[in-house]
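Chains as they are written, first to last, in my numbering: chain A, 1 to 235; chain B, 1 to 235; chain C, 1 to 235; chain D, 1 to 235.
Read the hints as simulated data drawn from the structure, not as lab findings. Some hints here could point you the wrong way.
Remember, identical chains collapse to one label, so a pair may be satisfied in a single copy or spanning two.
Said to hold, decoys possible - Straight-line distance between alpha carbons at most 16 Å, and here's what the computed EDC-like set of lysine to aspartate or glutamate pairs gives:
no.	residue 1	residue 2
1	Lys46	Glu151
2	Lys145	Glu22
3	Lys145	Glu24
4	Lys6	Asp220
5	Lys126	Glu195
6	Lys134	Glu14
7	Lys164	Glu144
8	Lys6	Glu217
9	Lys127	Asp95
10	Lys50	Glu123
11	Lys50	Glu22
12	Lys6	Glu230
This structure is a prediction, so every number in the text was calculated from the model and none was measured.
The chain contents come next:
4 protein chains.
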Amino acid sequence: MSNEWKTSISSSGEDAVIRGEELENVMDMDFADAIFLILKGEKPKKAESKMFKTILSGAIDHGVGNPSTVSARTVQSGGNDMNTSVAAGIMALGDAHGGAIEEGMNILQSEKSAIEIVEEYLEEGKKIPGLGHKVYDETDPRTEKILDRAEELGLSGEYVEKMKAIQERFAEEKVRLVMNVDGAISGIMSDLGFEPELGKGFFIIARTPGLVAHTREEMDLPDFRREDGEYTGEE
Amino acid sequence: MSNEWKTSISSSGEDAVIRGEELENVMDMDFADAIFLILKGEKPKKAESKMFKTILSGAIDHGVGNPSTVSARTVQSGGNDMNTSVAAGIMALGDAHGGAIEEGMNILQSEKSAIEIVEEYLEEGKKIPGLGHKVYDETDPRTEKILDRAEELGLSGEYVEKMKAIQERFAEEKVRLVMNVDGAISGIMSDLGFEPELGKGFFIIARTPGLVAHTREEMDLPDFRREDGEYTGEE
Amino acid sequence: MSNEWKTSISSSGEDAVIRGEELENVMDMDFADAIFLILKGEKPKKAESKMFKTILSGAIDHGVGNPSTVSARTVQSGGNDMNTSVAAGIMALGDAHGGAIEEGMNILQSEKSAIEIVEEYLEEGKKIPGLGHKVYDETDPRTEKILDRAEELGLSGEYVEKMKAIQERFAEEKVRLVMNVDGAISGIMSDLGFEPELGKGFFIIARTPGLVAHTREEMDLPDFRREDGEYTGEE
Amino acid sequence: MSNEWKTSISSSGEDAVIRGEELENVMDMDFADAIFLILKGEKPKKAESKMFKTILSGAIDHGVGNPSTVSARTVQSGGNDMNTSVAAGIMALGDAHGGAIEEGMNILQSEKSAIEIVEEYLEEGKKIPGLGHKVYDETDPRTEKILDRAEELGLSGEYVEKMKAIQERFAEEKVRLVMNVDGAISGIMSDLGFEPELGKGFFIIARTPGLVAHTREEMDLPDFRREDGEYTGEE
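Using the sequences and the accompanying hints, generate a full structural model.
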């Protein structure tokens, strides 16, 4: 029977702590720093703190038409509260929606070399996480911003290098693709020492405020959103 | 047919903005400031920024035994991914779990006076949101911290006053109860100009990192958590 | 501490029972009868069984454009499994989506008379649950089918009468509206002795197979459904 | 842009159909038959109908301590409605909770022989879906009941045979394990012509009434279930 609930994350009550830090002290921390602490078990250094907030703030929202926003707003329109609606938005963040960061961190932190990774993806005909953009061919300005900041802060390390090596190798083998934001984040998060298992978690944390804002906006619209549907009959 | 998806919150693509602010500039903002922006439609002033991060960081997690943590970890143990598990945790944040902030903001921002509010709650035999604590009788140190900070920052206004007036009136009518953290947050969020409809949203945003951390921790434990259950037969 | 999990619903293991009935015997029951048993704590009589399956089968699905179907399919398109997608569909079934059955059962089983109910709804300018249809003015053929069947089976009782009385009274006070399927179901479920608290539950049970079918269909379509969104700027 | 919502499952409105069958006729069908229709696109034959209801009724609930029940009830205790609570229960039905049916259907319907399957699972040290039981060593009475019924009804075919062959081969290679209910269901559902992608769907449909009943029971208990938690500090 496993009805034992043990944790190394936090405690409640008078002596409440977060990862060993008293909650009262956590209240003095920047929210992004508190997030870093609870995920990593240690406070960020100054440079890490600056990098981390850039990544979180940059992913806070991205328009109204994507699956997570549509899910959250549609569920709200069925007559539901904030918590249920935001949860439906987060549920949409599956492998095809934000999953590239986790997959990117996985390949970067694997034993495989950039050459082996490109070979494997080409063989299987799969899209390499972190490469390619619908609009940009040469450079993606947000990727540049993230990579430049990492460079300035002295945080760009072996995983950002590996991501660039994957990009190079793919250019040699097939075509030059721009490194997208997911690629930059995968590299830097790995260089910051985070595990791939938290890749989706960053995205969820960053996007939740956007989902709250969309749900709030939807509350002022009529209930029961209806899409035009068509019955095509039995095939 | 309402298959029109319009929003004043954000756009995607090359010219992506958040509430009118270019996404590239948002990447330079503190994450808590970006949250303030997306929820309120304007950037926080310096004092507001300090206040807001205190509130978010202070609610980041609170031990392992509460319903949201139990839900998230139990769903993970059924063999589920990060997004589904965290969503289950957020779903647990219903009226009885973090709902006091929204209810508190509602009564503070209503037309009713402190005297009328206390009278109404006493008549209906309901618990007044923001008053009472399991442990503290005199003062709750975290409430004090929040209220002192609001005072220092010049942000304590009419709604914090109204919350104190409710506390006073209740003491006159029945018994002195400590103002708890929900009461302090309800007052200050109202003084910062936020609507009650966002009360639950703050709590969801603040607690999501905790749910990510708990889900990650649960991933390393055996699948299929089982509680001791007992069949009591038909009554 | 409430970590005691007691139930009168079922047990597991060798001697597994459902509401006191051995699971092996439940395996011989019609699924609709097993549902009746687990919700009500007793097996349906023959007439009740016939009535109950009509109601469940009639609500199994209703096109592709409503909020629950859109949510389930959108979440699947984000790269999610069956369980997460179906759950998102069920989450959409809030007060504005299937909620009329529960509200209808509530007013029928309240102490208030038909006259008082109509008066109250007219005063508050609210829509009476169970009355009105977008298409039908005179009669709704599915309502007729349900009511006729209840009549034949000798199951139409005081609550169906009260629903008709509400319809009559509303016609006297304002305008004749057709009784819709929600109205018929509210009346008959009440006459079958079910509580209002289960009103939404019937609908969830009946619609889940539809959500499974839609999710399966969506699995064969491209990932990441995107709606056309428009950024309207800050107001 | 994929904001086209086409379906071959159902339509709404006056001429509503389910898989080409008029909704008014579907209202005359047994609920289990309507489920068969919506999932498979055709009505069950008489024998198929009997088999199908046995499988659904047999999985309707299984005690209070498993992850799906705990999730549903915990979310309800946070102050949530029926739909949100039941959804949380369904979310828990991930790979480790009911996933053996889907995995079983997958291996049975794969090109691989029983010998190859056993070899592969033994090599990878994985548990073969459908084999083994915590309590029963010789025979599992519910498995027997399902298999006997399939035999009587003339529905036991190549996939049930393949499941038995896997059991035999495993006995030769390692040890005799009882075929459990998941194994029997995997075989018969495959013999009924269902795809593995629906394996989890059957289980969700069958278990939803149980989750509704548990959520209803929890509504009468105090809010905010709390488990005993322990903070173990930082490792």
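Verification of the supplied hints:
For the identical chains of this complex, Lys46 and Glu151 are intra-copy neighbours only, at 14 Å inside a copy versus 28 Å across copies, given an alpha-carbon limit of 16 Å. For the identical chains of this complex, Lys145 and Glu22 are inter-copy neighbours only, at 13 Å across copies versus 35 Å inside a copy, given an alpha-carbon limit of 16 Å. In the homo-oligomer, the alpha carbons of Lys145 and Glu24 lie at most 16 Å apart only across protomers (8 Å), although the nearest pairing inside one protomer, at 34 Å, exceeds that limit. Taking the shortest Cα distances, Lys6 and Asp220 sit within 16 Å of each other only across copies (12 Å), while inside one copy they are farther apart (42 Å).
In the homo-oligomer, the alpha carbons of Lys126 and Glu195 never lie at most 16 Å apart, since the shortest distance is 23 Å inside one protomer and 25 Å across protomers. Only between protomers do Lys134 and Glu14 lie at most 16 Å apart by alpha-carbon distance; the minimum there is 10 Å, versus 52 Å within a single protomer. For the homomeric pair Lys164 and Glu144, the shortest alpha-carbon distance inside one copy (12 Å) is at most 16 Å, but the shortest distance between copies (50 Å) is not. For a Cα distance limit of 16 Å, the shortest separation of Lys6 from Glu217 across copies, 10 Å, qualifies, whereas the shortest one inside one copy, 39 Å, does not.
Taking the closest pair of Cα atoms, Lys127 and Asp95 come within 16 Å of each other only inside a single copy of the chain (13 Å); across copies the shortest separation is 26 Å, beyond that limit. Taking the shortest Cα distances, Lys50 and Glu123 never come within 16 Å of each other, neither inside one copy (39 Å) nor across copies (47 Å). For a Cα distance limit of 16 Å, the shortest separation of Lys50 from Glu22 qualifies neither inside one copy, at 23 Å, nor across copies, at 19 Å. Proximity of Lys6 to Glu230 under the C-alpha cut-off of 16 Å is restricted to the inter-copy arrangement: shortest distance 5 Å between copies versus 51 Å within a copy.
Hint violations for this structure: numbers 5, 10, 11, all remaining hints satisfied.
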